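Following the hints, position chain W against chain C.
Residue strings, one per chain:
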Amino acid sequence: AQTVTQSQPEMSVQEAETVTLSCTYDTSESNYYLFWYKQPPSRQMILVIRQEAYKQQNATENRFSVNFQKAAKSFSLKISDSQLGDTAMYFCAFMTMYSGYALNFGKGTSLLVTP
Amino acid sequence: DAGVTQSPTHLIKTRGQQVTLRCSPISGHKSVSWYQQVLGQGPQFIFQYYEKEERGRGNFPDRFSARQFPNYSSELNVNALLLGDSALYLCASRSGQVNEKLFFGSGTQLSVL
Chain C
950 AQTVTQSQPE MSVQEAETVT LSCTYDTSES NYYLFWYKQP PSRQMILVIR QEAYKQQNAT
1010 ENRFSVNFQK AAKSFSLKIS DSQLGDTAMY FCAFMTMYSG YALNFGKGTS LLVTP
Chain W
1273 DAGVTQSPTH LIKTRGQQVT LRCSPISGHK SVSWYQQVLG QGPQFIFQYY EKEERGRGNF
1333 PDRFSARQFP NYSSELNVNA LLLGDSALYL CASRSGQVNE KLFFGSGTQL SVL
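Line by line, the protein sequences give chains C and W. Per the working numbering, the very first residue in the first sequence carries number 950; after that it's consecutive. Per the working numbering, the very first residue in the second sequence carries number 1273; after that it's consecutive.
In case anyone wonders, no lab produced these hints; they're calculated from the structure. Heads up, some of the hints might be wrong.
As the list claims (entries may be wrong) - Straight-line alpha carbon distances no greater than 30 Å define the calculated DSS-like cross-link-like pairs of lysine-lysine that follow:
no.: 1; chain 1: C; residue 1: Lys1022; chain 2: W; residue 2: Lys1324
no.: 2; chain 1: C; residue 1: Lys1027; chain 2: W; residue 2: Lys1373
no.: 3; chain 1: W; residue 1: Lys1302; chain 2: C; residue 2: Lys1056
no.: 4; chain 1: W; residue 1: Lys1373; chain 2: C; residue 2: Lys1004
no.: 5; chain 1: C; residue 1: Lys1027; chain 2: C; residue 2: Lys1004
no.: 6; chain 1: W; residue 1: Lys1373; chain 2: C; residue 2: Lys1019
no.: 7; chain 1: C; residue 1: Lys1056; chain 2: W; residue 2: Lys1285
no.: 8; chain 1: W; residue 1: Lys1285; chain 2: W; residue 2: Lys1324
no.: 9; chain 1: C; residue 1: Lys1004; chain 2: W; residue 2: Lys1302
no.: 10; chain 1: C; residue 1: Lys1004; chain 2: C; residue 2: Lys1056
On a predicted model such as this, the values are computed, not experimentally measured, just so you know.
Excised from the complex, chain C in its bound form (with noise of 0.2 Å):
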């Protein structure tokens, strides 16, 4: 079974500090691709970040950065200077060759900003 578990279902962080969101999954395959989406209240699904499993490096899209851990199978996604923009769902998700380059998503991380 391929699965994606995100233990925090709502989380809250002070403007301007730094906040992690927990992701771990499971797969048999040894190449896919992982990501982190925001949902904000729009409903869009806006692509965060993004990594390939064959990459040692983490992934850093400016405030944003994981921490992969391959070997345990966990995605965390470190946000720096949170923002009250960054108020949103948070989905940790991969997608292999198995699921046919379908993504499949956890249940979410409800981020909330406060000032």
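Relative to the frame of chain C, chain W by itself:
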């Protein structure tokens, strides 16, 4: 350039009815996927089309069907609606290569009464 557009934005149906949701991909994108997002859950994969052919299907009953047209737009049809079909239906497109970025629309919110 316009992003992925979906219509209608909201829809209310009653049990047993049929519904058609529409999606226009980003210009030049040949692959379209459909996802169902039930309240409080992450999206679940329904269908994937590339060059008008079905390339993948999620674990959904035969009441769900889809097609892709020559202009790469797509329709998702759901027959014999159940209360449990109430959800946000998301369409996503990409150029074609599986490692290309997937762009999502804002979805169609379907309510079944």
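Do the hints match the structure? See the list:
no.: 1; hint: Lys1022/C - Lys1324/W; in the structure: violated, 35 Å
no.: 2; hint: Lys1027/C - Lys1373/W; in the structure: holds, 21 Å
no.: 3; hint: Lys1302/W - Lys1056/C; in the structure: holds, 28 Å
no.: 4; hint: Lys1373/W - Lys1004/C; in the structure: holds, 17 Å
no.: 5; hint: Lys1027/C - Lys1004/C; in the structure: holds, 18 Å
no.: 6; hint: Lys1373/W - Lys1019/C; in the structure: holds, 22 Å
no.: 7; hint: Lys1056/C - Lys1285/W; in the structure: holds, 26 Å
no.: 8; hint: Lys1285/W - Lys1324/W; in the structure: holds, 28 Å
no.: 9; hint: Lys1004/C - Lys1302/W; in the structure: holds, 27 Å
no.: 10; hint: Lys1004/C - Lys1056/C; in the structure: holds, 26 Å
In summary, the structure is inconsistent with hint 1 from the numbered list given earlier, while agreeing with all the others.
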